[in-house]
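Novice: Model the full structure from these sequences, guided by the hints.
As they're listed, the protein sequences go chains A and B.
The numbering of the first sequence is numbering that gives the first Met the number 0, which starts it at 0 and goes up by one.
The numbering of the second sequence is numbering that gives the first Met the number 0, which starts it at 0 and goes up by one.
Simulated from the structure, these hints should not be mistaken for lab results.
Glycine included, every Cβ here is placed at the ideal spot set by N, Cα and C.
Treat the hints loosely; a few may be bogus.
To be verified - Distance ranges between label pairs, derived from CB positions: (1) D159(A) with G91(B): 49 to 59 Å; (2) P104(A) with V31(B): 14 to 24 Å; (3) R89(B) with S113(A): 27 to 37 Å; (4) V110(B) with C6(A): 30 to 40 Å; (5) D259(B) with C6(A): 17 to 27 Å; (6) T85(A) with R247(B): 28 to 38 Å; (7) R155(B) with P104(A): 34 to 44 Å; (8) R184(B) with S15(A): 22 to 32 Å; (9) S113(A) with P189(B): 23 to 33 Å.
Said to hold, decoys possible - So, partial list: chain A residues that the calculated Cβ filter (under 8 Å) puts toward chain B: (10) T21; (11) R69; (12) L74; (13) A77; (14) S79.
Here is what each chain is made of, one letter per residue.
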Amino acid sequence: MSNLKLCDVAVGDLESIQLDITAGEILCLSGPSGSGKSRLLRAIADLELHDGQVQLGNTEQSALPGHRWRSAVMLVPAESAWWHETVGEHFKGRPEQLLEQVGLPPEAFEWQVSRLSSGEKQRLALARALSRKPSALLLDEPTANLDKDNTQLVEHWLCDTIREQKIPTLWVAHHEDQIQRVADRHFHIENSGVKEQAVTS
Amino acid sequence: MNTIDLSWWQLGIAAGLVLALAACTWLAQLRVGRPLLIAAARTAIQLALIGFVLEALFAVGSLLWVALMGFAMLLLAGREVVARQQYRLRGGWSFGIGTLSMFVSGFTITVLTLVVIISPQPWYLPQYAIPLLGMLLGNTMTGVALGLERLTEGARKGRGEIENRLMLGETWQQASAQLRRDAMRAGLMPTINAMAAAGIVSLPGMMTGQILAGSSPALAVKYQILIMFTIAAGTGFGTFVAVALCARRLFDARERLRLDRLSP
Chain A
0 MSNLKLCDVA
10 VGDLESIQLD
20 ITAGEILCLS
30 GPSGSGKSRL
40 LRAIADLELH
50 DGQVQLGNTE
60 QSALPGHRWR
70 SAVMLVPAES
80 AWWHETVGEH
90 FKGRPEQLLE
100 QVGLPPEAFE
110 WQVSRLSSGE
120 KQRLALARAL
130 SRKPSALLLD
140 EPTANLDKDN
150 TQLVEHWLCD
160 TIREQKIPTL
170 WVAHHEDQIQ
180 RVADRHFHIE
190 NSGVKEQAVT
200 S
Chain B
0 MNTIDLSWWQ
10 LGIAAGLVLA
20 LAACTWLAQL
30 RVGRPLLIAA
40 ARTAIQLALI
50 GFVLEALFAV
60 GSLLWVALMG
70 FAMLLLAGRE
80 VVARQQYRLR
90 GGWSFGIGTL
100 SMFVSGFTIT
110 VLTLVVIISP
120 QPWYLPQYAI
130 PLLGMLLGNT
140 MTGVALGLER
150 LTEGARKGRG
160 EIENRLMLGE
170 TWQQASAQLR
180 RDAMRAGLMP
190 TINAMAAAGI
200 VSLPGMMTGQ
210 ILAGSSPALA
220 VKYQILIMFT
230 IAAGTGFGTF
240 VAVALCARRL
250 FDARERLRLD
260 RLSP
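Specialist: Shown next, in the form of structure tokens:
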């Protein structure tokens with residue numbers, strides 16, 4: 000189980016970002032919209048040109064081919080894309096347990112993608128990502144489209160899974176109360192850098 | 000059998016029809032009158048010029064001049080491929096990829112057809128080489144242009160899907176497979192449709208020309224079949240090469256989708 004380490008990462012307006020996320024830790028990142036949170040996640044997943052180093056354990060980002068890096072350091076975007084007809088075709092196998100954990104019935108595998116609500120898409124996107132057993136997680140507002148009950152359900156499930164599987168996680172969040180519920184540490188984007196904030200837990 | 004000669008005043012009657020059409024489009028406020036007349040004038044001037052060039056080329060008939068003519072046609076076709084793209088790769092890549100793929104397919108297949116199939120003496124006899132190359136390049140150009148257009152547009156519109164696939168750990172080949180398939184299909188469809196409809200809906204231009212020029216329909220048909228098949232091969236392989244190269248260029252060494260390499 001390894002940590003996710005950012006060393007002098009620069010992308011867009013952000014400069015020399017240093018973060019070290021230990022295995023099983025949830026590090027929340029907040030900041031005004033347009034401050035570059037999503038771009039930073041894209042840079043860590045190596046989908047965007049950037050400066051600086053990212054390491055997973057002892058493995059440098061550049062030491063792995065792009066697709067191998069991304070299957071280890073998995074980004075779940077705020078808006079997920081679905082390209083097949085039905086939900087099930089996007090999964091390898093039928094991880095019914097995962098669907099249950101995000102509050103969806105096993106029949107959801109047969110659902111038409113075109114009829115999914117934004118909340119269902121978001122929960123399914125999380126299940127799809129977790130079903131590929133990533134070594135690190137980058138979550139971009141994973142509960143933005145969920146109602147109160149489902150937010151709670153997904154938060155619990157994510158926290159349990161992340162701690163159980165010892166996944167270092169960078170979680171972009173908007174709401175202070177969510178940050179207080181899930182974060183081990185919290186950083187806020189200020190003046191092109193990140194500043195640590197207090198968390199109650 | 001001799002072809003009936005056409006004099007310039009007889010062409011003038013046909014030109015009168017275009018003028019009448021232009022007048023009608025002007026009355027109907029279609030705003031295509033100007034482009035129509037300019038295009039008609041270009042047809043007349045360009046074909047007259049190529050007539051002179053071909054007369055001169057046929058008189059000389061040396062390999063050097065035939066080859067030079069061939070390369071000039073290739074570069075013009077490459078330019079035309081670029082001109083038909085709404086989004087092209089920066090830094091001349093679209094021109095390079097278009098020209099290279101047409102060279103690989105159109106040129107090679109023309110030479111193969113000349114040397115192995117038709118075998119005129121000498122094999123580069125301009126009466127055969129130039130029209131054959133022209134037909135192949137013209138059609139390959141269309142296929143390559145359509146294929147590249149679909150690819151670049153599809154990459155822009157399908158960015159969310161492609162990048163989400165990459166996020167899930169797919170390789171750039173997997174993430175772009177559907178897009179590349181669509182692009183190749185788009186490049187091949189006109190040729191497939193043309194072959195399917197040949198002789199039923201339309202009499203192909205070359206065959207019509209040959210018959211008008213006094214060939215027997217049986218021979219004209221054989222040439223037309225030959226041309227159709229070589230065009231299909233040329234367009235197909237050209238589109239394959241162009242789409243493969245352009246797709247590769249849309250991703251970088253880190254398998255990122257690089258839409259910034261496209262210019263609007």
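Novice: Go ahead and decide if the range 27 to 37 Å is satisfied by the Cβ distance of R89(B) to S113(A).
Specialist: This hint holds: roughly 36 Å between Cβ atoms.
Novice: Holds or violated: is there a CB of chain B closer than 8 Å to the CB of R69(A)?
Specialist: holds (5 Å)
Novice: Between the beta carbons of P104(A) and V31(B), is the distance compatible with 14 to 24 Å?
Specialist: violated (58 Å)
Novice: Under the criterion of a CB-CB separation shorter than 8 Å, is S79(A) in contact with chain B as hinted?
Specialist: holds (6 Å)
Novice: Do V110(B) and C6(A) keep their Cβ atoms within the hinted range of 30 to 40 Å?
Specialist: violated (56 Å)
Novice: Would the stated hint for A77(A) survive a check requiring a Cβ distance to chain B of less than 8 Å?
Specialist: Because about 11 Å separates A77(A) from the closest Cβ in chain B, which is outside the 8 Å limit, the hint is violated.
Novice: Restraint: T21(A) near chain B, CB-CB cut 8 Å. Satisfied or not?
Specialist: Interface hint status for T21(A): violated (23 Å vs cutoff 8 Å).
Novice: Honestly, do S113(A) and P189(B) meet the 23 to 33 Å range at C-beta?
Specialist: holds (31 Å)
Novice: Taking the closest Cβ pair, is L74(A) under 8 Å from chain B?
Specialist: For L74(A), the interface hint holds, since the closest Cβ of chain B sits about 5 Å away, which is under 8 Å.
Novice: Should the hint that D259(B) and C6(A) are 17 to 27 Å apart at their CB atoms be regarded as holding?
Specialist: holds (25 Å)
Novice: At the C-beta level, are R184(B) and S15(A) separated by a distance inside 22 to 32 Å?
Specialist: violated (47 Å)
Novice: In this structure, is the beta-carbon distance linking D159(A) and G91(B) contained in 49 to 59 Å?
Specialist: holds (54 Å)
Figure legend: structure checked against the earlier numbered hints; hints not met, in rising order: 2, 4, 8, 10, 13.
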